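S.K.: Going down the list, the protein sequences come from chains A and B.
Each residue of the first sequence is one higher than the last, beginning at 4 in my numbering.
Each residue of the second sequence is one higher than the last, beginning at 15 in my numbering.
Treat the hints as calculated values from the structure; they're not laboratory data.
Here the structure is a predicted model, which means the values were calculated and not measured.
Glycine included, every Cβ here is placed at the ideal spot set by N, Cα and C.
Careful, some of the hints might be misleading.
Cross-link-like lysine-lysine pairs, in silico, BS3-like; alpha carbons within 25 Å at most [claimed, not checked]:
#1 K820/A with K132/B
#2 K404/B with K914/A
#3 K396/B with K914/A
#4 K636/A with K521/A
Sample of chain B residues lacking proximity to chain A, with all beta carbon distances greater than 10 Å (derived) [to be verified]:
#5 A54
#6 A55
#7 T144
#8 G201
#9 G224
#10 T287
#11 Q290
#12 S314
#13 R386
#14 N426
#15 G431
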Amino acid sequence: MSYQSSLKRVILFVAALLIMLPARALLAQTGTITGKVVDGATSQGIPDARIVLRGTTFETITSRDGEFRFSAARAGTAIIGVFRLGYKATSDTVKVTAGQTTTLTVTMTQSTVNLSQVVVTGTAGNQERKAQSAVVASVSAADIIATAPVNNVANTLQSQVPGISLSAQSGTVGSATMIRIRGASSVNLSNEPLLFVDGIRINEGQVSGSVNGQNYDRLNDINPEDIESIEVVKGPAAATLYGADASAGVIQIITKKGHAGASTFSQSLRVEGGSLQNTWTPPDQYGLCTAALVASTSTNPLCVGQVVGFLIHDNPLLRVGAFRNGASSVIGWSARGGGQNYGYNLSYGQDKENGVLPNNNYNRYNVRSNFNYVPNTKLTIDAGLGLNQSDTRLSDNDNNTNGWFGGALLGNPLTRTTAPGGQNDGWYGFNRHYNAINSLDHELLSHRVITNLTANYLPLPWFSNRFTLGMDFLQDQQSNIAPKNDSTWYGGLTDGGSNGQAERTAERYTFDYLGNLKNEWGKSWETNFSFGLQVISTRNTSLNATGIGLVTNANNSVSSASTITGGGGFTEQRLFGYLAQLQIGNENKRFVQIGVRIDKNSSFGAQAPAFVLPKVGGSWAISEEKFFDPLTKYVNTLRLRASWGTTGRSPGPGAALTTLSAAPYLTGTTEFAGAVLGNPGNATLKPERGTEFEGGLDAGLWHNRVSAEVTYFTKTTNDLILANPIPPSLGFSSNPLANIGSVVNNGVEIALNVAAIDKRSVRWDIRAGINTLHNELTSLGGIAPFALGAQGRTLVGQQLGVYVSKKIVSIDTVLRKVTVNDTLAPMGNLWPTLEWNFTNTVTLFKNLRLSALVDAKKNFMVQNFTAYFRETQLVRSNLRIDTLALSQYERLRRFGDLTPGHPAFVTLSGKSETVSNVVDAYIEPGDFVKLRELSVSYTLPSSWLRQLRQTVQSASVTLAMQNLKTWTNYSGADPEVNAQSGAFSRQDFLTLPNARKTILRVNLTF
Amino acid sequence: MNNTIRRAVTRTIAVAVLVFGAPACSNKFVDVTNPNVIDAATVDPTSGATLLANSAQQNFAAAYGWLSMYGAWFSGEADVADTFPTRNEFGFRLIADVNGSLLTDVWNPIQLAAASSKIVLDLTLPTPTTNINIARAATFRGFAVLLIANDFCAGSLSGGAKLTTAQLLDTATFWFNTGRTVGLANGTVDGVSLANAAALGLARARLQIGDNAGALAAAALVPAGFVYNMLYLQDLTNANRIENKIWQYTFDRSSVSVAAGYQTGDPRVPFFTPAQTALRGQDALPNGFFPQNKFTAYGSAIRLASRLEADYIAAEASASTAQRLTLIAARRAANNQPAYAGAGDAASVLTELMLQRSFDFYLEGRKLADYRRNPSSTSNIKPAGATYYKPGYANVGTQTCYPIPYQEYSTNKNFGGQP
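Chain B with its partners taken away, still in its complex shape (with noise of 0.2 Å):
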């Protein structure tokens, strides 16, 4: 008996410290793996440079598609035929701060865009003053920055401190001059492109600043047939990141109907009429749905920098009708339009030159910074308390540029609260 009790007492035993100890001999038990996320810690940033500033630059041509759609629905580029009331929102410009579509589709992308530049513009790179990293990730903060100066009334980055407008177009004139320096010394292609949209970028920022000496000569260091695409391709599966998101929403959702400002036949806004689509809004328009056709697939590039808006910037920072008028009868010659036949003061041509750049830049992004600029000159643009084209909405109001989320303004403390 008692040996059995031993042996018992033994073997339990020896099975217990076997199944205590192999756990606990060893934490690595609870050392796992998880590939499905990059624990940052296993990325060097410094070697990872290329990787991390190609990727900002990415993110601002997601954000750029997003900010170019909500922009023609807010200044009346495109009517909203989406169902969601937060896009609506913009339609009838009363966007309130708590809009998630506000939040989700255009602020997030653009700080995130702005975010990912600066990471690559906090390291400490080899050759600073050449690297094209760091004119790449200048030149899209800058353009980033610009954005948001642009269609927000205010701004703030990297959870900083409220920027007025005019700071925020400073802080972009700062990044643009880096990307362009540094782009310029590259000596590359790439780095000469580059610098030559950080001019066009810096031209945008001084002109919507009011500087406009500083406008015209930052436009005349655009060359000649300089285009700058921002790119595009199918890919399913990461749509919301690659693909030009205009013709996502046109197709996919049939959320994006030409305005009937619009509507004139000019080949810059190509269109099809309810007749000639088979695509159906996704919310009933009263007058039909219009899908937009200037950007035909998933891969179609959206300009962001060129000649032609420098150009344009030009001619309306030199305050010369005669200038503007040069520059809009080349543009209506141009695409198949009679001969301009207004007023010729400078209150009427300045309206056709915004006119004629609201049609070279349509579904572009630019005309709610050419309306916060020029209000009074601006098209096709429903005044506020005029009727929305939808019912159940309210007249459409008085705002001019996009609230600053609530999600920004109550979680960052330095913002000081509400604007």
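The shape of chain A in the complex, shown without the other chains (with noise of 0.2 Å):
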């Protein structure tokens, strides 16, 4: 396997060393071009927009001031075309005379709306959105971060794209974001996006190997400031390309380059200091008295003297202080220039955040290279590095009864004492309190590598090719040490003192060929034939060791250890696609897109065949039409478009063979190797098939001033892997997965884009988005419902994982008599089904910007775990505690009749039922609208920095604010916060809510 493979290897970068040899020096009749966008209503510098010189490889992209130049252009007539987001795209036709410079100033206008923008991601080849027949969203991260309190991806996706729905998980730093595009549609599979950085698929996800509820996240090492954009493929219908695994969409990264063709320099420092703060109060726990607290003998502080019966209550995480302000602060740092025929971007960045629980702590360094070499006009080579390494420590917290949350929320103060060396002492568990929580560590140090070498080779004007390789390799390094005690902190050979170690490696390697032919027929007609291939392989070791039972905290080396375990595994998946498409446009206005891509994976059944995937699509810029004229005096821009497309989602590694399991067996004292039965096996077993059909319309409005896309889709997933039941007396471990049932996603999306006042000192930008969801489970494949998620069930008809409760039929407050239904029915939505955000930006005088970001999640549930815990099963709440906090239906609402020998509450059918299936007060309306940033920033004017004798061309101060307000008649902490890694829960237990950070940021160019 691994001669064949490194064998194949070679010849790939044989493939792309031999494209990549210069196939002549510079051509000598050339010339050199020089220019300067502008921007058309203030006449400045627009810096970042991308230059290409047409029929050749050459690009590059405008310095701080709006600079460019090209040299070894060919003489003759040259087109320029010049792109920028915000910007309509314009091009222009220079004459290049050999040995001499050419200059030109380009003027571009704002456009909210801009049809000619290329996008990189989910078609073939570099294409004008113009078209692209389904939707791909382009982000530009170095805008939002001017602004906004970003640290991390999903801070810059956040509210930025209709359809996108993102949930920080917790209020821990380091910590997931759950993001979902256009619905969940897979039950055993992940329904996370690909993710790409310039072409390269990297590892996405949240890492194996949480902290109770919270997770570390493989997205939060992307630093946000090596971002120049982010293109989001929504879709099968515009993933198709992506191939049989991308159907919970793709996110494709493009980092920031360097300027070929100019000589120039600058440099740009961030220097970035913040705090964040806990906003939420934590409820009191309570107690009532008993003979032996109250006596004078108590050592219970807060009963002693009392009466027998006497309500106390207690807040431990207030009482011990265990709430401390966070601190962020990042140093980022980036240097970009070129020369004649090669430019580069070099970046550092540090990113240190400390939560607000103790123990909380995220730290991040990247280093990014990007090298780009144009020997020639055929040929331009694109290097890139990234290096970073993050290290988070996460509390002991979440979705765990003994850690912060649970250790203060699920205490009793009726175990308060005064006694020295006392035992709980009003925490939660054991004699775990504030000692034994704060000695334990859960740390991850990652390292990782992302490079790519991208290579475009035109060897005709109508002919191009790309070839792209690339690597993601990272290591994880995980601890988890609980230190010895003298105590039982924690029960169990775990006071002994434990060492859990984890090392984990994920590797990915990407081969991608493209080629292009584009040909004119005529004076209207185009066609543009793209192939290629794309070979990913993924591979993924652990190894784990855990030694419990220290002699001294002093060497708690796992080898130092009484009991030592350990562990390993090892998994590898190989997929290839071809691919094709061809684009006929008609008149530069109407396009139509086929395409198709098939599909090899080391995960399908070995009977499943070739997976093909087939897409169409058209666009018509209807308002390039004649008999559009009359109306552009209000309608400027007008395209529809319709596509319609398949991707799928892979099986897992291994997940079609009949297996057995590993499982030891004893003779005497000595373990040997044995084995149980795994799973069956399904040979047939293929692909997820999502199948997506969307149509829309872009439009300026009023001088293009006003730009709405709107969107309606429609998707659905068949062939659904579900573990197919078998009778557990079978005696198989698990069920075999098999392609049966489907899912329908369906929705709406709306972006819109105002320039509500654009004077010379005053411009007011409007951003809103909205979008809807109807997610339903449409087959179960004849299976019966199951579980799925904390709460959650799998009902035909209902959401993926729609809550589930035996539900309250009557309530009888004279006889005390609760009725609930005999089966568990629907409670309420898991996702969403309508989101929206609001963003208004007014600048003032050019050089003050005032920014505030609104949004909102409607009509889904929360599983209120906190709250369900602590009045039913370790009762510490007033609710239940005082019987006189709650109304009589309320209480038996919430715990049924809790008069003892009675059964708490009882179904039609007479039976008797328990709080664990009747959780109706616990299943509550999550809906929200917050406050999710404001900012302040402001330029400071070019005169004051003339002062500084120019070595500052830009400085700015920006001061932000996240999460500011949050309203909502969720009684919980936050209902935004999730204590269930499975994608099919939104469970708040115990989980720390996201807290309110400010940052106060400078930004210099030098």
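If you follow the hints, you should be able to join the two separate chains into one complex; please do so.
M.R.: Spelled out as structure tokens, the structure:
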């Protein structure tokens, strides 16, 4: 296996090198083009505009002053194309004279709609947005970072693109954000979108080895400062060419590049400091004093001297001052420049955050270099190398009855004590008090290398080739340490000290070839035929060891422990896919695309055929038609588009095999290798098939000051991979996976941009996004409904993972009888059916910018498991203990009949039922509106900077806040958090709410 | 120019052929190994019979721990100091058929034990009349089926039809006979030991079905001093499979608390009072947490078969009050208890016999079957309708055995629907 795979890798690498060999030296008959791109309204230079020299591979980016330069341009007539997000694309023609320099100025006008923008994702070859039949959203990361308190990629996408739903799962810094694009459609497979960096597929999703309900996130490794833009492919209609794994969408990160063609150099420095504050007050814990506790000999300071039954309360978190003010600091430096035929971008970033709970820190260091080399007009080579180190320490908390919140919110005030060395002292769990929880250390140290090598080869003006080779290699070192203690802090052997260590590596290699043949047929017709191959290989290894029982905490290495256990694993998955796409354009305003991708994947069943993914779509810039002219006074730009396509989601490695599971057996006191039945397997297992239609329009109104993007989509996932239940009496450890069932997601997405005021001294921009989502399980393939998530179920006709409970039918407050359904009934949505966001940005005198972002999620439920536990399991809530705190009706609704000997609830058929199946009161509407971000940014006037002898070219100061205010009826801490890592839970269980963050940032450019 | 075009196109095509051809020429590109799972095709079942038979025995050992603990909660040996509502349902004997603990902790492990034994028994193995793997698999299939019969109200094996308790006991009888015959014929210490354990299993099965003569005959086959233990070991990696479950749930989870009726000081039921231990119950019990101290380590063995149990079976099956009183006297004396001073009628003596039996086999998974066999003679079981010892739950229910899990009858087309 290794020989063959190595050989193939060598062949691929040599192939790439062959193509990169410069054919010849620079052509002799060349000249130089220099120029400047300026804003039509302000006459100021526009930085970061993309300049392409058509018919060549030449491409560059404008400097901070808007300047650019192409050397070695062929003599003759040349066409320059200019693109910039937020501006209307433009082009200009220049005449290049051999040995001379030609200068031009290109003027761009701001526009909220831009059909000429080029997208690189979701299509074969760079395509103008106008020709794209399905939406590929583009986000300018640099523009967002300029004002928002952004320190990870998820922040960058927050409320930017309708249809992308992000939920920060915990207020713990460094923990994961759940991303869903156009809903969830897989039950057993990931619903996370695929991630690409400059064409290289990287490891995505949450890291295995969570800390209770908190998860580490691979996405956090990327430094948002390194990102030029992010393109989001939302669904199968646009993602077909990404193959049998892309049904949950694709996020492509495009990093900042250098400036070839101009001898430039600039540096920028970002310095940021900030704080994080917990704004939530944890509830008190209650208890009723017993006779022993009120006695004069009692050591309980709350009960001693009181009467029996006296209601006491305690708040361990506040009592010990467990919350702290978190802090954040960011230092980012980058240098961008280039010469005649090369460009580069170098960056360094460090991001440090301390969370509001003890032992929660996040430190990230990034170094990235992008180098591009243009040996001649036919060839460009881009090489990128990103290095990352992330060190995350997560508090012992979240979905953990013994962590910070568990210990405090489930703590019993009756255990408060003044006795020296007293045990729980108001905290829950064995003897786990503040010192015990504070001693636990959970850390993940990750090192990551993401590298890419891309060659664009243009042997003929109508024939382009792109070769991409890259790798994402990461290594995790995770440790979970519980120090030895002389008491019973944790219970069991762990009191003797425990050190769990895990090392993981994840390697993902990408090779991608794309050829493109472009032909014009007469004046009206153009064809664009693309073909290619994508190969991706992924390997994951893990090795872990745990040592329990230490002599001393000073020596806590695993090998020093009295009991050592270990484990390890290895998985490998490979896929390759061929793709082809034909695009036919008519008069550059009517386009039709047809395409297909054919995939093979090592995880398909042995008898499963290759996976064929077709697509078809059309785009019509109707506003460019003659008959539309009368309307252009109001509707300047209008494009209609429709697309249909398919993608898939491949099963995991080994999922199709009939397996045994390793299971040792004992003979005497010796363990031997044994085995038990694993999975019956399924030789015909194939990917889930997502088929999507989307249609919509892009419009620019009133001189393009208003732009609207409206899209309707309907995505059907068939061949859903479900565990087909077999009788447990067959003895298998797990059920075989089968392609049965289907899910539908559909909705409407609207993006609106309005330049409400565009005056010389005042500019007011409004951006709004809204999307609906209808998610429905339409078939289970005949199998019985099963539990999905913490309190969800698969019910046909309902959302995937809809909340269920035995619903209360009636409450008789006289007889104290609460009657409930006999069967589990749907109680509400897991996924919001409506999300919207609204951003207002006001710019005064070109220098002062104020921005506010409000967003909302509607019509979904949250399982308030914290309240459930405090009221019904470990009773600490005054709502339960204080019999006067709630009405009789509400007490019955929440707890049922508490009369000793009476069933809490009674079903319609007369059977008794417990509160574990009647959770009406604890599934609450989670609807919220949040003031997510507020910022003010001031760019120092040029006149001030001139006094600094032009050392500093630009400077700005930004004050920004995040998570300022939430309006919600949810009774828990935060409706956004989630204590479960599984896709189908929204459970608030002892989870830290999102903290308020305030930052002050200075940006300097030299 | 023509040369340029030709060179460019040729070069591009050559590279394209290379990159297209490399994976396309070899479907082996997508042929990977995944050592995380064991491809069943790579294990030869015949040469691997010893591995499979021993694995089946360990499957039973793991299930035995689970069933002993849940049986203790159900039959009043222990109080549920666990927060899981599904475990409390065992405490107040009102177990829903969708109870997750019933499925994953009880039904699945014992069915795995039964099914994994059957794999060995279905093989065509050499020297089948003396093959130790057959003796082992048959004996432990017998015990697995016996426990299903004892604890569940009905059963099913390998996705088959619904079986009544009597049918299950007859099935167990068959496999005990096979195990005993092959074990004896094997003649090794291991084989004979398995044969003796099978004899005890046979006696239990016949007693439970009401075949007292058969039980007496089988009990007589168990030699004096015989003990067969299920072995465990501290193994944190394979804790659920290798470690003593009851100790795990006492020490790690603080879930097993000795019920009041067994807090008598009898040395057969050692325990700690709350004052004697730093352990705190995972869930509060009104009278405090009294952790068991019979099994004191992850590696504590649990007795499966013994001559002592054969004596109890013989005493019960004989229906001889005198024989029963003799055994009662011996057991009391051996455990520093005063002589029996209760009534001498048959019912009272049977009650005392069952009480002594419950002390002797405390936390060994016997009492639930005892209760089903002698419901009016079994002590320390809360009657139906009694108040459960923890608030917020229903009164004690009427169940005397576990229901068939929903997952089984809803997926097993041969079962015939909900029982």
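S.K.: For every hint, state whether the structure bears it out.
M.R.: Hints, verified against the model:
Among the hinted pairs, K820/A with K132/B is inconsistent with the structure: their alpha-carbon atoms are about 50 Å apart, more than 25 Å. Pair hint K404/B plus K914/A holds up; C-alpha atoms about 19 Å apart against a cutoff of 25 Å. Between K396/B and K914/A the alpha-carbon distance is near 20 Å, which keeps this suggested pair within the 25 Å criterion. Taken as a hint, the K636/A and K521/A pair is broken in the structure, with Cα atoms around 35 Å apart against an allowance of 25 Å.
Residue-level check failed: A54/B sits 4 Å from the nearest beta carbon of chain A, not beyond 10 Å. Its beta-carbon lying about 7 Å from the closest one in chain A, A55/B breaks the requirement of being farther than 10 Å from that chain. Every C-beta of chain A lies more than 10 Å from that of T144/B, the closest at about 20 Å, which supports listing it as non-interface. Every CB of chain A lies more than 10 Å from the CB of G201/B, the least distance being 19 Å, so the non-interface label holds.
No beta-carbon of chain A is positioned within 10 Å of the beta-carbon of G224/B; the least distance is around 25 Å. Distance check on T287/B: its Cβ is at least 16 Å (rounded) from any Cβ of chain A, clearing the 10 Å threshold; non-interface status holds. Remark: the non-interface label on Q290/B is consistent with the geometry, its nearest Cβ contact in chain A lying 13 Å away (cut-off 10 Å). Look at S314/B: its CB is around 12 Å from the nearest CB on chain A, clear of 10 Å, so calling it non-interface holds up.
At the 10 Å boundary, the C-beta of R386/B stays outside the reach of chain A, the nearest C-beta of that chain being 21 Å off. At the 10 Å boundary, the C-beta of N426/B falls inside the reach of chain A, the nearest C-beta of that chain being 4 Å off. The Cβ of G431/B lies farther than 10 Å from every Cβ of chain A, with a closest approach of about 12 Å, so its non-interface assignment holds.
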